[in-house]
Amino acid sequence: MNAIIQTENLGRKYRKKEALKHLTLSVPEGSIFAFLGPNGAGKTTTIKTFMNILGPTGGRASVLGVDSRKLGPAELAQIGYVSENQKYPAWMTVQQLLDYCRPFYPTWDTAFEAKLQDQFRLPMNVKIKTLSRGMQVKAALLSSLAYRPRLLVLDEPFSGLDPLVRDEFIHGILELSEQENWSVFISSHDIDEVERLADWVGVINEGELQLAEPTVSLQARFRQVEVVTAVEATLPSMLPKTWLNPQATGHTVRFVDSQYVEEKSGEILTNAFPSLTQTDVQPMSLREIFIALARTYQFAAR
Amino acid sequence: MMPFQFKFKPGIPVFEQVIYAVKKALVSSQLATGDKFPSVRQLSQELKINPNTAHKAIMALVEDGILTVRPGIGTVVAEVPPATRQQKRSFLTEDLEQLVVEARKLSLELPEVEDALRQQWNRFTKEK
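For the protein sequence lines, the chains are R and A, in the order given. According to our numbering, the first sequence is numbered sequentially starting from 4. According to our numbering, the second sequence is numbered sequentially starting from 720.
Chain A extracted, bound-state conformation:
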């Protein structure tokens, strides 16, 4: 089983998607320091991706300091400083961009969008 969530989106390079999924899992604490990270073979088989791509993704994450190789254990999640609120927010950039584009197509004003956002926000707060 993969220790992080991965939903394949056709059309976007697989390599980028894996990196993104791992970074997101770190920020949301689904992955924590010291957690064992899947091997190239496990990653490739579980996600049904090319082993070359899996290898490249792991190498890139090691280079970024997100993973470290521990001899005899394998690859584990490195000690990463806790995500800043800024970093957490950056994961919404794309969704926000999409929202703004759609709102502008409908010629809505910012306060109206804020209002709609607040309504949705409160809906979830109540349900919990």
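Just chain R, same shape as in the assembly:
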């Protein structure tokens, strides 16, 4: 599989603080890749570095097969970028913004532009500074979708948007599915929104990549496990490292198994808890998996 974004040992320091530490990440072409992590984990720094807004202080990144430091008009014309912290030309109207952007993009599709305008119900002749946050974000998305980019990079796109605008935003992104070649890289806190969309998930913490894998395989290996024991519950002295956040109280032990295998689970549990009377094993949502991981990171940092 070709990588649309590839980083190798990517590093970025702000003065002495290492915001990215040897980040090696490969985003497969054709995927919707969700990039998750707690606040300050390095999500925006990663994006800014591979988008050549910041220079790396170590390693390298490439986008569309081109070194990030050499990204030029030819590549940028195939990348759509919408960021939470985007600066808008506030004095322009939406119409003026689109008229300004259009000539930069050889692939600009005016029929698609009109369709999105209609879908987003954007007022065209109102100055951007007087628009609501939702309308501003939709204007930014429209100006990034109209040229049918091969790669769409979204940095916290949903923050501060009401549920209706989120829906419109997602519909807008999915309009790209008409074309053959498209990939999306999306960093977000809104895990519920991305769970249905993303077929790949990456998690970053303190500048280090924790995992990157298909959503299906991630969800297949994580389970919330609850065990009830006849005698008072205690945690076994040798806990597998793959059990996250183990807790015991009364007759109950609860933990997250990060390497669950259905066929082996029964035996492992009976060995660990000889007096076990009941077990309950539940699949986990992406949000629950993320919270379990984030707790582990907090614990490790103490």
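Just so you know, the hints here were simulated from the structure itself, not pulled from any lab data. A couple of the hints might just be wrong.
What the hints assert, rightly or not - In silico lysine-lysine, DSS-like type, Cα no more than 30 Å apart, as pairs:
1. R:K244 x A:K728
2. R:K118 x A:K726
3. R:K267 x R:K244
4. A:K755 x A:K726
5. R:K118 x A:K845
Stated by the list, open to error - To spell it out: a stretch of chain A is covered by chain R in this simulated footprint if at least three of its residues, at any positions, have a beta carbon under 8 Å from a beta carbon of chain R; those stretches are:
6. 725 to 735
7. 745 to 756
Quick reminder that beta carbons are idealized off the backbone N, C-alpha and C, glycines included.
Given chain R, work out where chain A should sit, using these hints.
For chain A alone, coordinates are given in the frame of chain R:
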């Protein structure tokens, strides 16, 4: 609008959920032979799911003989033999399993559970 009911449950692969929802809609006659089935794009946009997943689900349903591709029309619901009572019952398997697990946790006996089930059943019959 989707011609079948879909309630997203986090934690279960989206692909499986779509297949399940379509099969259930067939059994309950919400989908019938000849009905037009949404395109990949419609399915993806309406359910807010990854287009790759929508594509995979439609392909799997075509392979199962539940959908057929009609040139010029698109994908339609194929002629599927009417669901047997056995097939209909299979949609309750998970719920029943859950019920049995809970009943056993409470150390209830089967007749007691049957009794409780009958009471609920009659409650709905009366309301209608």
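For a C-alpha distance cap of 30 Å, please report whether K267 of chain R and K244 of chain R respect it. holds, 16 Å
Check of the segment 745 to 756 of chain A against chain R for coverage (Cβ-Cβ below 8 Å, three residues minimum): violated (count 0)
Keeping to a limit of 30 Å between CA atoms, is the pair of K118 of chain R and K726 of chain A held or broken? Within the cut-off at roughly 29 Å; holds.
Proximity test - 8 Å, beta-carbon atoms, the segment 725 to 735 of chain A to chain R, at least three hits: holds (count 7)
Below or equal to 30 Å on CA atoms is what counts here, so check K755 of chain A against K726 of chain A. holds, 21 Å
Given the hint that K118 of chain R pairs with K845 of chain A, does the C-alpha gap stay at or below 30 Å? violated, 51 Å
Given pair status - K728 of chain A, K244 of chain R, alpha carbons within 30 Å: Between K244 of chain R and K728 of chain A the Cα gap is close to 29 Å, so the pair holds against 30 Å.
Hint violations for this structure: numbers 5 and 7, all remaining hints satisfied.
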